[in-house]
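Number of protein chains: 2
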Amino acid sequence: MMLEHEIKIPASTANSYPIRIATDILGSLRARIEADFAGYNKFVVTDENLVSAGHLQKLLGQRDVPTFIISPAGETSKNIDTAISIIEAMEKAYLGRDTLVVALGGGTVGDIAGFAAAVFKRGVPVLQIPTTTVAQADSAVGGKTGVDSILSKNAFGAFWHPVAVYIDVATLTTLEDRQFRAGLVESVKHAIIADSEYFDFLEGNLDAVLERKPEMLEKVAHWNCKIKGNVVEADPGEQNLRRILNYGHTIGHAVEAASGFELLHGEAVAIGIIAAGLIEIELGLSQPGRLDRTRGILEKLGVPVRLPRDLAQKDLIDLIKRDKKAVNKSPRFVLISEMGQVYCKDGQYAVEVAPDLVEKILDKL
Amino acid sequence: MMLEHEIKIPASTANSYPIRIATDILGSLRARIEADFAGYNKFVVTDENLVSAGHLQKLLGQRDVPTFIISPAGETSKNIDTAISIIEAMEKAYLGRDTLVVALGGGTVGDIAGFAAAVFKRGVPVLQIPTTTVAQADSAVGGKTGVDSILSKNAFGAFWHPVAVYIDVATLTTLEDRQFRAGLVESVKHAIIADSEYFDFLEGNLDAVLERKPEMLEKVAHWNCKIKGNVVEADPGEQNLRRILNYGHTIGHAVEAASGFELLHGEAVAIGIIAAGLIEIELGLSQPGRLDRTRGILEKLGVPVRLPRDLAQKDLIDLIKRDKKAVNKSPRFVLISEMGQVYCKDGQYAVEVAPDLVEKILDKL
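Residue numbers (the working numbering), protein chains in the order written: chain A, 1 to 365; chain B, 1 to 365.
Honestly, the hints are just simulated from the structure, not real lab data. Bear in mind the structure is a predicted one, so any value in this text is a computation, not a measurement. One thing to keep in mind: the hints can contain errors.
Because identical chains share one entry, a pair is satisfied inside a single copy or across any pair of copies.
Stated by the list, open to error - Here are the simulated SDA-like pairs of lysine to any residue, each with C-alpha atoms no more than 20 Å apart in a straight line:
#	residue 1	residue 2
1	213	2
2	8	164
3	58	170
4	226	340
5	121	337
6	121	158
7	121	67
8	92	311
9	58	33
10	300	290
11	58	240
12	121	152
13	121	81
14	226	18
15	92	318
16	360	305
17	121	318
18	8	261
19	213	302
20	321	94
21	121	4
22	42	11
Could you build the full structure based on these sequences and the hints that come with them?
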């Protein structure tokens, strides 16, 4: 006899969260967070760079809030061990499910803190305060969180949407130049996949952006949030459309890992964007001059547009196979058919590319 | 200037999963899973007890499926390190998001495998095949997953519903007697909180259940799934009603940890159920003879109904404060007002109990 019982999981209701963009608001955020999340204990996650730049001090003022400071700052700390240390710190502070995690920092801080919030006692809310060009353009919006295993990036992760995102572009003024420039690669990516007008804007105003003029930085942040927000709203769980945000990332992630993280994420993605452009030419998806425009803006940003000479191609191929987007071990790429327009094949935005062609492109890079 | 943008997270649609209960179906499950989840690579998580009982062999037959065998079996392996090892094993097998995790085992296996599935590359589906009385009654149904930190139970976790649950009560025939009996405590708990008829049934048929007669075991499993299923459907994220499933668990979890896991989960919960009964008497929520009936059925099961002499009460109090249900560090308890009927105060099913009263009850236990 087979007894059967059906468990129904009710639909979750629609939800939303605000992104607020302004200049020099860190000092006033504390009161706002206290008012908006009165019933919650607060737990801040940040890194040593934010401390030495004075941003943590600005956010907390005189208040004593339990805080975890990631050290060293950067990608090398974005691993499961750091996430475990954060969870243990929260336990030692006797924090319960009525806790709001506040992530103050770049993409690394946001990813780790978001993941820790997603799994702490089966999930507590997280509020993101991104402080780098890459985090403000990309990682703070959209609910992707993750940390690395010893084998690959974001092997551990969760989709965990923030309850709010606060962008203070004044935090960008203390960012070191290389980080600042590399982070803008995600903005270029947004323009390439979604909005040729935004690409024109970046081409025409890159000097003012690089001078970090607040009104320019606010505009860039706003444009990024709109583009990313539209994609995330349409496909929050990355079933299909959301994959377009991975433009340049199939090879970008592999290059980043193969460089032993000598290359910043944005720098590796820049190389991945050029690789995508070369594949587009091979597949007849390009127009004359299009890749030159892309290369021109990336060169002006001062990010690499060629593979570093010392990267082992065998490692790259292996890493590309491990990519989350891979299906049946065949790498998949997001490609564009024209500026601002992603190529869609059989309803799919991430298309398989023959391994032979990938190797040929790597030779050309 | 404050620029604002709103991100909308669309409602997720209602979902459901089947629970199928039968005797001696392990050998035929393989074909069924292959048919129902044809597009997925399979990855099995089990433990060494299931291997030595022959159940893994029965499930896999001649097929070669990547498998992680948890060793040693049991609570001591239910920690973040084991979850990390599973994730790394999945990476080494080049598995991607098109992977179905199949959890074959007791509550420990289900919790660990479910958590690993929830966080592997931001989440892959899990299918549960519970093989113990506690897992079939409780942990395999409802989507709670979790692993322990060095400080507390389920410090890491996620709500991650299975895509299907298959219960083969024949797997219970190889379960050692102490495990078998302790697992039935969750069945007694279900009866106490939700269904006095089920309590009558258990009282009247406990001998046949303890003899492991298949039709009795199927009936018990079915009753448990119905009760747990109804609660989970009404409150999948444990906002309120679902807390009733924690009856006996506030003190139960603490006793389990304070015993250094010498006591099995069900044995510790039995003591917690008696503690809840004593609190009910103190608060005027009991009827004459009610606690005696509960004590009677637990004694017949052969599980402890008193605190072990060597438990340090100070440790217990500290552990109770760390409990996930605690708010403002004040412990909360689920209590009943009559058999099958949970006590509800101001719309809340988990009510604060004065720490003084808790200490007094611990003295009596």
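Self-check item: Unsatisfied constraints (hint numbers, rising)
Solution: Numbers 5, 8, 11, 18, 21 and 22 - these are the hints that the structure violates, sorted from lowest upward.
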